[in-house]
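Q: Sequence:
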Amino acid sequence: MKIIHSLLFAICLIVSTGISAKETRILQKDMVLKYIVNEPTTKTSNTPLIILLHGYGSNEGDLFSLVKDLPQEAIILAVRAPVTLPNGYAWMPVARFGDKEDPAAPERSRQLLMQFIDQAAKKYHVPASRIYLLGFSQGAMMSLTIALTQPEKTNGIAMLSGRLIDETKNKMARPELINKVSIFEAHGTEDQVIPIATGREAHAYLTSKNIKTEYHEYKMAHTISGEELLDIKKWFAGNLKK
Numbered sequence: 001m002k003i004i005h006s007l008l009f010a011i012c013l014i015v016s017t018g019i020s021a022k023e024t025r026i027l028q029k030d031m032v033l034k035y036i037v038n039e040p041t042t043k044t045s046n047t048p049l050i051i052l053l054h055g056y057g058s059n060e061g062d063l064f065s066l067v068k069d070l071p072q073e074a075i076i077l078a079v080r081a082p083v084t085l086p087n088g089y090a091w092m093p094v095a096r097f098g099d100k101e102d103p104a105a106p107e108r109s110r111q112l113l114m115q116f117i118d119q120a121a122k123k124y125h126v127p128a129s130r131i132y133l134l135g136f137s138q139g140a141m142m143s144l145t146i147a148l149t150q151p152e153k154t155n156g157i158a159m160l161s162g163r164l165i166d167e168t169k170n171k172m173a174r175p176e177l178i179n180k181v182s183i184f185e186a187h188g189t190e191d192q193v194i195p196i197a198t199g200r201e202a203h204a205y206l207t208s209k210n211i212k213t214e215y216h217e218y219k220m221a222h223t224i225s226g227e228e229l230l231d232i233k234k235w236f237a238g239n240l241k242k
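First residue of the sequence shown? That's 1 in full-length UniProt numbering, and the numbers climb one at a time after it.
Please note that a few of the clues may not be correct.
[To be verified] Subject to a maximum C-alpha distance of 27 angstroms in a straight line, what follows is the list of computed DSSO-like cross-link-like pairs (lysine-lysine):
1) Lys242 with Lys180
2) Lys153 with Lys209
3) Lys68 with Lys234
4) Lys242 with Lys212
5) Lys43 with Lys180
6) Lys241 with Lys180
7) Lys219 with Lys234
8) Lys171 with Lys100
9) Lys123 with Lys180
10) Lys169 with Lys209
11) Lys241 with Lys68
12) Lys234 with Lys212
13) Lys29 with Lys68
14) Lys169 with Lys100
15) Lys123 with Lys68
16) Lys242 with Lys43
17) Lys169 with Lys212
18) Lys122 with Lys68
19) Lys212 with Lys153
20) Lys233 with Lys43
[Unchecked claim] Quick list of the computed label-pair ranges, beta carbon to beta carbon:
21) Glu167 with Asp231: 22 to 32 angstroms
22) Gly61 with Lys233: 18 to 28 angstroms
23) Gln192 with Thr42: 42 to 52 angstroms
24) Ala221 with His125: 35 to 45 angstroms
25) Pro86 with Leu177: 33 to 43 angstroms
26) Tyr205 with Glu152: 15 to 25 angstroms
27) Asp30 with Gly61: 16 to 26 angstroms
28) Gln192 with Gln119: 35 to 45 angstroms
Derived from the structure by calculation, the hints contain no laboratory data.
Keep in mind the model is a prediction, meaning the values are calculated, not measured.
Note that beta-carbon positions come from the ideal geometry of N, C-alpha and C, so glycine has one too.
With these hints in hand, go ahead and build the complete structure from the sequences.
A: In structure tokens form, the structure reads like this:
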């Protein structure tokens with residue numbers, strides 16, 4: 001699903017850091033998944049990498065609109081999901097939207113995303129300890145799947161308005177490994193696409209497995225709000241200074 005967030009909030013959240021960036025909206029095709037990129041002009045061995053994963057029916061440009069609200073010192077890649085739809089892309093088809101069912105799609109997308117993370121880490125010379133995933137809706141599901149099954153590939157994920165993919169439960173790493181990943185969970189109480197009950201179920205399941213997360217609920221629908229963006233900025237700030 002596409003996000004809708006207030007431009008006013010986005011403008012208010014922009015803080016001048018003195019770091020200029022090079023934005024490339026030209027679709028990059030040198031890795032297993034296509035993407036667009038925003039790079040800081042100055043990079044160091046400590047430069048973080050943030051990978052943005054959009055929702056069902058959207059594209060890489062959707063979350064790329066958040067670039068100004070994310071850490072300006074980071075390399076930011078907005079990825080195009082691998083499943084082609086009539087008017088966008090997805091990480092997996094959805095039967096209730098009229099798509100043909102494909103039970104193998106979540107695992108195929110997981111494998112592709114793992115390869116992409118490895119390729120991006122190599123290309124931009126960023127260790128896993130400085131790699132973060134931020135996903136919305138289906139992108140949130142993929143972010144959580146990576147954190148739970150391959151926690152060594154990322155230092156943190158922001159799971160926005162998503163759910164836990166059932167098949168992930170059978171592939172989970174040990175809780176002590178997963179807890180090395182900082183997990184930000186957020187959901188709207190008025191979400192009619194992925195209801196809040198689904199988000200709460202995911203949080204309850206993680207808690208039952210002794211997996212620690214930072215959990216938030218917001219009075220909003222299936223979107224990203226200004227209040228949520230503020231909390232995401234705080235979460236990134238806390239992680240990046242460690």
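Q: Find the hints from earlier in the document that the structure breaks and name them by number, from lowest to highest.
A: As far as the earlier hints go, not one is violated by this structure.
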